[in-house]
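Novice: Residue numbers (the working numbering), protein chains in the order written: chain H, 1 to 673; chain U, 1 to 170; chain L, 1 to 112.
The hints are simulated quantities; they were obtained by calculation from the structure and are not laboratory data.
Cβ coordinates follow ideal geometry from the N, Cα and C atoms, glycine included.
Just so you know, nobody snuck in bad clues.
For the chain H half of the interface with chain U, some residues (derived, Cβ under 10 Å), not all of them:
id	residue
1	VAL564
2	ASP566
3	VAL570
Calculated pairs, BS3-like style, for lysine-lysine (alpha carbon to alpha carbon, straight line, at most 30 Å):
id	chain 1	residue 1	chain 2	residue 2
4	U	LYS95	U	LYS111
5	U	LYS111	U	LYS86
6	L	LYS103	U	LYS95
7	U	LYS111	L	LYS103
Some residues of chain L that are not near chain U, with every Cβ distance over 10 Å (derived):
id	residue
8	MET1
9	ALA6
10	ARG10
11	ARG47
12	ARG59
13	THR80
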Amino acid sequence: MNPLDILYGAAGAWLAAAVAGLLAGSWRPGLRACCGLSALAGAAAAAAGGWSLVYGNTPVVAPGPATIAGGPLQLQMTSLAGVFVALLGIVAVALALYVPRYHEPSRGTGVYLAACNLALLACLAVLAAGGMVTFLVAWETMSLACYLIILRHPRSGETARGAFWFLALSEIGFLLIVAAFVILSAKTHATELDMMAARGHLVPGGWRAAAYLLALAGFGFKAGLVPLHVWLPEAHPVAPADGSAFLSGVVVKLGAYGIVLFAFRLVPVAGPWPGLVTMGAGAASAAIGILYALAERDIKRFLAYSTIENTGIIVTAFGAAMVFRAYHQLALSAFLLIAGLYHVANHGCYKTLLFLEAGVVEHATGTRDMDRLGGLVHRLPRSAVIAFVGTLGIAALPPLNGFVSEWLIFQGLFQGFRTGSHLTAILIVLAAATLGLTGGLAIYAFVRGFGIPFLGMPRTRQAAAARETGQPVAGPALLAVACVALAVGAPVMLAALSRTARTVTGTSLGPLLLPGKLTVIPAHADFSAFSPTYLTIFLVAACAVPVLVYLAGRPRAGSVSVPVWDGGMVSFRPRMQYSAMTFSAPTRVTFDALYRPSVSVRRASDDDPAGRSGPVHYEAQVTPVFERYLYRPVVRAVEWLADVIRPLQSGDVNLYLLYVFLVILLAYLLGAV
Amino acid sequence: MNPGRDEAEAARRLRDTISTQFGRSLHIRTLDTGSCAVCEQEIRLLTAPHYDLHRLGFFFTPAPRHADLLLVTGPMIRAFDVAARKTYEAMPGPKVVVATGACALGGVYPKDPFVHGNAGEVLPVDVWIPGCPPSPLALLHGLGVAVGRLAEMTPGLTFIADSAAGGGEA
Amino acid sequence: MPLWFARGLRRGVVTTRYPARPDESAAWLPTPPAFRSRQLTRDVADRMVAVCPATALRRRDDTLIFDVGACTACGRCAETAPDAVAPSGEFELAATARSALIKEIPIRGGGR
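Excised from the complex, chain H in its bound form (with noise of 0.2 Å):
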């Protein structure tokens, strides 16, 4: 009995899901029948994740005669993909939950059932991949199957658009997915994953370096790694809330994980530059996905930029973790490959959490836009509790889960001296230096999330009116519990993650982790230590003390409630509140090198010859620096190249059968040759 007996249960758990969301799920009694079943697979998966993360690697199994695409369905379930498959069980959980008080059952909603089941067991196939055949026919499903999912309303011609970029870019992702698997396929001779790593050594240096390039780049693309990104703010806010949980929560994940598992098991090159550049792309977009988080006032454009952050920093982690083992720091290096995994379980449970929050505040408001929000903590006193410990998670404010995997990567990174090159202890302190900059607009940035809707008073009759009942809740709040029991379990977590990392790395952490009384040192027992579980207690206590002061010294006579103090203008209105742009105008002036905003404003007075005054209109907008002069000349590009193409295929069948016989002859000649 091993993890992968359980999988199979999952797997058949969805698939029946499938069958019964598209057969039933237009009808209520069908929606709650293929979520319960969806929740059970969920749970199925969760556990056998966490198992095999201690289990260690199962051996690879064909499961009978199955072939797919030509060739044997290869399965083996790793302990690296433990995590991912454990975090895949809890989101499918929660988006079970969130599912049936979300949907109204319409036409639909059956095909984008069996999509969402699909995609789920898509990528269990893909983490659960043994074959290079079975996981590249796993990954293509779950991009088509996530196609699916974000054009649930096909009707708004900005839902093709948002499902265009996600799927185009996915496509080119996959071919160069492809063309790292074929070339290792090609030199090692196999197929089989386990076979391609223990005959990596046949694999000569340059093609090394080729696969895992084009390998970086294609689940770059499938992460969010900057400037491959662009798909990310353009297919979240038009997919229904929970694809973008699972779009966020699961599928930029795999993403990260096709990247460790090129960089540490199936191509491990030899020298500090792929590492390098895996770290320096990894702060890159921590940096340019906060800053430009930080000039959205849609919550899900906004969270969909701060995913790339995280995937920034997740991938950050990992490019280290490869700088430090080829200088031989290995406990350092499966000390951060530790890091990242935490910070994918981490990230994949809050940024979960927050989009089915954004859901649930755009169904009862009706609006995606910050600035048309506020005093939603009022009105949605749940969700805004819900709400407040994702923000804190995401934050990386102590004692939530963000605070111990940023930590944990901070601590791997400040000790980049021990790698003995100055150029590369230099460039480790920048990528840390980055991340600081990124944590920093990171809370700033989460403060305006959370504060802008959730704070002060509605600033139209839209939040006003919003209202809690019928919302959503079981399913935020099962990754809520998730974000506190990852950040009060730490010791736990990072006990099963250090076996994990044996299995992966060779190298046994132990007590360079975890040296006893609930504390974590960073590989080192001369650095630093910290204990989570202490430090929760601190902080929970030290919150304690003002709040029972408070209680014992508040006056007994009771206190009279005045309206809020607005300067004493006589016509206040909720509208002359800090807004979402307001509040990060400051980063926009300061870093307007990268937004090159434009910036036009229109006065009454402008046109009226006597000068009176009226309205002022006002509109600035933050440049796409990246779909403006990267991919739009590329597009121009490959459009003249099919311009200059086209010619061939000129319908004038005369032509054809010249090309028939060219290459005939071609074949012949070749063949006599």
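Use these hints to put chains U and L onto chain H, whose structure you have.
Specialist: Then chains U and L, alone, in the frame of chain H:
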């Protein structure tokens, strides 16, 4: 039950509270209800080195939420009514209102469609400080009276100079 | 900077000790008037009432009603009737009741 005595008792307790809480630490919020700004100049002089308000533990604050005492100048133009009431209501209790300057005391401007003429028409004034403008010394005395640190002299003054030399009377 | 500091030290403390000790500059302040009731006649009183720009003075029968709160210490009443008016020298004029600032001055001078 003697309502007069209970009222006097409550008033005494309030004065004691104000004296204890504000006697050595007071936050003042100025409110200009349409003055010519000369009273504001004198008020501003209070923080200058010669008079140094801070040595007495008194400070200025712009936020009524943090203020204990509201210092009103100006003849209370009617357009300012809402803002004046909002400022007063935004201050948490206990609070003291001091009107200063001949305008706020009802001397200079008569009541007309634009002006109340007297700060007491809109706000419950506790201490009145005359002067045009009141010198910083008069303001210091008035603030001291407001927090119970100094005694008021005016009830004892008659402004009758019948003794041989000039000068005031007491 | 050190020169300025040294100059300041030489000059000494300029802060007033008021209210613990009286302030010398108080003698220079313009203050509301005090009235010599024996020099006041109804005629003088009416002239002062007419000339006061702040409506601080009113006459009711044989009483001159002086609103200290309204007085701006402009000195026109002193200019009109120098015998009847002298500067009071009082600047500590804060009151908790508005009525405490309204003083009644008997008109005891002879004549009309």
